[in-house]
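These protein sequence lines are chains X and A, in that order. Positions 1 to 357 (this note's numbering) are the ones given, in order, by the first sequence. Positions 1 to 309 (this note's numbering) are the ones given, in order, by the second sequence.
Honestly, the hints are just simulated from the structure, not real lab data. By construction, the Cβ of each residue, glycine as well, lies at the ideal position given by its N, Cα and C atoms. Treat each hint with caution, since some may be false.
Claimed, not checked - Partial list, computed: chain A residues near chain X (C-beta under 10 Å):
| id | residue |
| --- | --- |
| 1 | 48 |
| 2 | 57 |
| 3 | 60 |
| 4 | 206 |
| 5 | 207 |
| 6 | 272 |
| 7 | 275 |
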Amino acid sequence: MGLIEVLSRAASSRAHVLIAEAPGAFRERVALERALDRRGWCTAESVADADVLAVVGEPGEALADVVEHVWGQMSEPRTRFHLRDEAQMDALLSGAEEQLCGTTRRIAEPDLRRGFTPSADDMPHEMSGGDGDHQGHDMAGGHDHSAMMPDGIPLAEGAEDRDGLEMDELHLPLGPVLAHWPAGLVLRVTLHGDVVVDAEVEQLAVHAGTPAAADDMTTRAARLLDAAGAVLTLAGLPSESARARRLRDRCIDRDVTIGRDVITLGERIARRRSLRWVLGGLTVTGSHGGVERLQDRLAALFEQARAALDGEEPSPAIGPAALPELVRGQELAAVRLWVAAMMPALAVDDRGSVAHD
Amino acid sequence: MTDSLSLIFVAPVVAALALVALSVAGVSAALEARDAGRPISSGMTIPLRETARLLRQRPRRTVSADRLLWRSASTAVIPLAVLIVAFVPLGAHALVDHPLGVVWVNALDVVAWAVMWLIGWGANSVTGLVGGYRFLALAVGYELPLMFALTAPVIAAGSLDLAQIAATQDGLWFVVWMPVAFATYCWGVLGFSLRPPMDPGAATDLGGGILSELAGVDRLLVLGGRYALLVAGSAAAVPLFLGGGAGPTLPAWAWVLAKTLLLSLLLVLAGRRLPTLRPDKVLELGWVVVLPLVVAQDLVVATIAVATG
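Bound-form chain X, shown alone (with noise of 0.2 Å):
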């Protein structure tokens, strides 16, 4: 018993969290991140990755449904919590941990199912169907369609793409569980390799009870610059990320004093000549006609946070109708480069009804 106790303690002691963060729960889903922070935790990259999985505010029924998929999705042994109120948070995840470690491993089968990332496949309007559904139909339907749907998923459709080379179409939903990613978004991109070459967009409706609350400066503050956070992570520089979500945190913790930390580390990053190359070339044009690059957009997150702890009136939101026509042509990365950048003007649209695109 010795051992497997020692590696229960180990493994429990570094779990991985799936944060399934609702609209409107942007200082839930701060708090949680500092709270696994202090414990030595950290974020889940995707559900394979995941031992818990969090819920951050009050999910609407859509999102519900994508959480009990994913959770399906995930590896024993598992947990999982709902945070509504940050005064739960140690008892929360204090509780993660007893149940992950008290779970023995169960020697079975490895777990088939559904692949895919978090809520890659079954969304909330093709619900019905896991494997078992899709073959039962499949059959009842009287059609041999085993050929084209191996194990009830469509096999891939080629279309030319931008050189006119025949490519296979992948469909793949961005959202709404997914890090660094505005929270209730959930854009529909189609694939040619790695260029998204359509995306329809959506936004998962909001709990009915959810109190609409403008937000106050230091929340927005701590929205651009985590934002910024989530632009240079998804870059690849995790420790100037880490700095800017330190500066939110401080935003959060409603210290106005830190406009000149802002602006430093704004100038800090704008310095780095290997990121101004990697971005260079990373444009979308801009809804004046004029192009926009991504290098400024992140620039502006700094300065519109600054701006925001000086009591300033924010810049106006853009709704997330005019996403698919921006990353339309874009390759995957630059996509998620440009949503993340743009997360606080689209989170000022939190509790706004469905979009229409």
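With chain X's structure known, arrange chain A on it following the hints.
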């Protein structure tokens, strides 16, 4: 082949590889802990705790996965690293002393293409597949410069035997007068071990790319294998550029170990300083800048070799 070390040494060499890989992973995790505002000491044990976690976690299957290729590819990463290390001379001799040692090392790093691609492809998942695509595109960018970089010490020593190459660097290490080839080689090592900044195939924006569907022991083998490949690549650099086992006082094998550890750590530190290089950037850098430079390096080395030979 007749001069190869006895098989008794297999276990110590593999243990040393594991130990160096764990230390490098520990330092990397410690620096991450410092970023998060925790004490560095808490980070050093993270690789051990992660190992315990992944040993305990049940492996995962996806629908219609190519289980044979997926599993065998994720199992193959660590043996690949062990095979590279087997050709590295630990003094006068390696586990496998072969007159074509450099060719073997190069061939093994090309096998990494197949292994990494199959890990991404085998899971039958979009993110894994895109990660695989990215890795292959990246490999097109770094592999040719890497091959030309390997050529430089070979020309200078007039031999493809790693022990011979190490012995030729008597007094003057190759890194001193072929820095471009050395830097290019290191870049290639980061490439085939999928370490930052050469890791868009396993990047956060894809939920881990080729890693995104792996759980449990399968994931452990690939994560550990990436560190092992980094260490193996660094170990191969020791006879190629860093004078092999040459050094005062300590025995040759200890110098090989020390140089390997130091180079692996430097590569991890360099990776933390640089943003992820997307395949388009790697191709631009590899073919427009690095390839001409490293060919010029080969030319210089060849001229010197002919003039002094």
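Taking the hints in turn, this is what the structure says about them:
1. 48: Status holds, d = 7 Å.
2. 57: With a minimum Cβ separation of about 5 Å from chain X (threshold 10 Å), the hint on residue 57/A holds.
3. 60: holds, 5 Å
4. 206: This hint holds: residue 206/A lies near chain X, its Cβ roughly 7 Å from the closest one there, short of 10 Å.
5. 207: With a minimum Cβ separation of about 4 Å from chain X (threshold 10 Å), the hint on residue 207/A holds.
6. 272: holds, 6 Å
7. 275: holds, 5 Å
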